[in-house]
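*Asks:* Using the hints, position chain B against chain A.
Protein chains: 2
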Amino acid sequence: MNEKDLAKLIRETTLKVLSSDQQKSDKEIPIAASNRHIHLSAQAVDRLFGKGYQLQKLKDLSQPGQFAAKETVTLIGPKGKLQKVRVLGPARGDTQVEISLTDGFALGQAAPLRDSGDIEGTPGITIQGPKGQLKIDKGLICAARHIHMHSTDAERFQVENGERVQVKVSGDRGLTFDNVLIRVSEKYRLEMHIDIDEANAAQIKNGQLGTLLKY
Amino acid sequence: MNEKDLAKLIRETTLKVLSSDQQKSDKEIPIAASNRHIHLSAQAVDRLFGKGYQLQKLKDLSQPGQFAAKETVTLIGPKGKLQKVRVLGPARGDTQVEISLTDGFALGQAAPLRDSGDIEGTPGITIQGPKGQLKIDKGLICAARHIHMHSTDAERFQVENGERVQVKVSGDRGLTFDNVLIRVSEKYRLEMHIDIDEANAAQIKNGQLGTLLKY
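Line order of the protein sequences matches chains A and B. For the numbering used here, count along the first sequence from 1 and bump the result up by 5. For the numbering used here, count along the second sequence from 1 and bump the result up by 5.
Derived by calculation from the structure, the hints in this document are not laboratory data. Among the hints, a few may not be true.
[Claimed, not checked] Computed cross-link-like contacts, DSS-like style, restricted to lysine-lysine with a CA-CA straight-line distance of at most 30 angstroms:
id, chain 1, residue 1, chain 2, residue 2
1, A, K89, B, K89
2, A, K64, A, K9
3, A, K219, B, K219
4, A, K86, B, K210
Excised from the complex, chain A in its bound form (with noise of 0.2 angstroms):
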């Protein structure tokens, strides 16, 4: 091989790899791990921490407009309890406990998968707050793999709303996970959730990337 065609070797080669970067780039996502928590009704919030009672910013989430509260409860099950159940703010209008599968043995209550916010027809649990305690009749869930995203990343990823897709891990407790719901709102930033159990079976490191693949 001559030098120039040497040159133009190189030159393609380095075009390629770039290339490719990009593209892996451009399909990576954020990986966030949820440790159980709970969205409590604005009836709720009275019930267990007092009438009028207004939950107190502990943090603010990825999410915009979304914030840990500095409120905790806990989760009575026929089993076990789990304490210190962190609250998530805003109030919304329902109720909704979002726990492991792991935490379902502990409690004595298995949480079914479900997508948040598709609670009709799921367990309720019992909550304990200073102030009072609540059994709610419907609201316990395992919250499936999602993805938040903007319009933006969601034409980037030629993706829409409802949509299911592959997310890949690396690592050495790599794995590819199916069914990944995308939600698609102006209010997202681009994040995928995933709960404990799972984070764990991935060994995701906190700020890890996963790749977007569309079936």
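*Replies:* Quick look at chain B alone, frame taken from chain A:
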């Protein structure tokens, strides 16, 4: 299309479907979730249960000769304890404690991801038995995903001892595990072993099958 061509098409299509089904079932592997457990050396049995003590069989495990013992121990970490940790028999050369990442958080001592038997440089832990306490200086691991198989299975799957493969699991929480270690022995029976975090992440049902995929 005439009758003869139609008959031919039906026959060929049927054969294709049958062959693809056959291929699929040929690649299927039963999956078992391992809860936290401990393998003890003869010296460790002496120390924890008394000099000359013999482990009692509770039930046979899937791997020939291996059994769950009636005996349990307590693991004592810097931040917490895990009680009723099952002892597996028979006694081995080295004491090895296998826990999940979730268990590591509870103990306050993280377990590194290792293949079973590879315990050099791993952390120790304190083990409490009915007759004594033992502090091992290594042996606490989170066991890496692996498949036990007989050499006839290895031949059928066209894989070798020490090779890493992928295993696909179906279902609402379906996923594909990467880096699954193949362990071949004349003493092994075909079974994939994962820990409780991995089982929950994929919502594995007892006796569920996974599909082996070569890289």
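*Asks:* Would you mind marking each hint as holding or not holding in the structure?
*Replies:* Each hint, compared with the structure:
no.	hint	in the structure
1	K89(A) / K89(B)	25 angstroms, holds
2	K64(A) / K9(A)	59 angstroms, violated
3	K219(A) / K219(B)	21 angstroms, holds
4	K86(A) / K210(B)	25 angstroms, holds
In summary, the structure is inconsistent with hint 2 from the numbered list given earlier, while agreeing with all the others.
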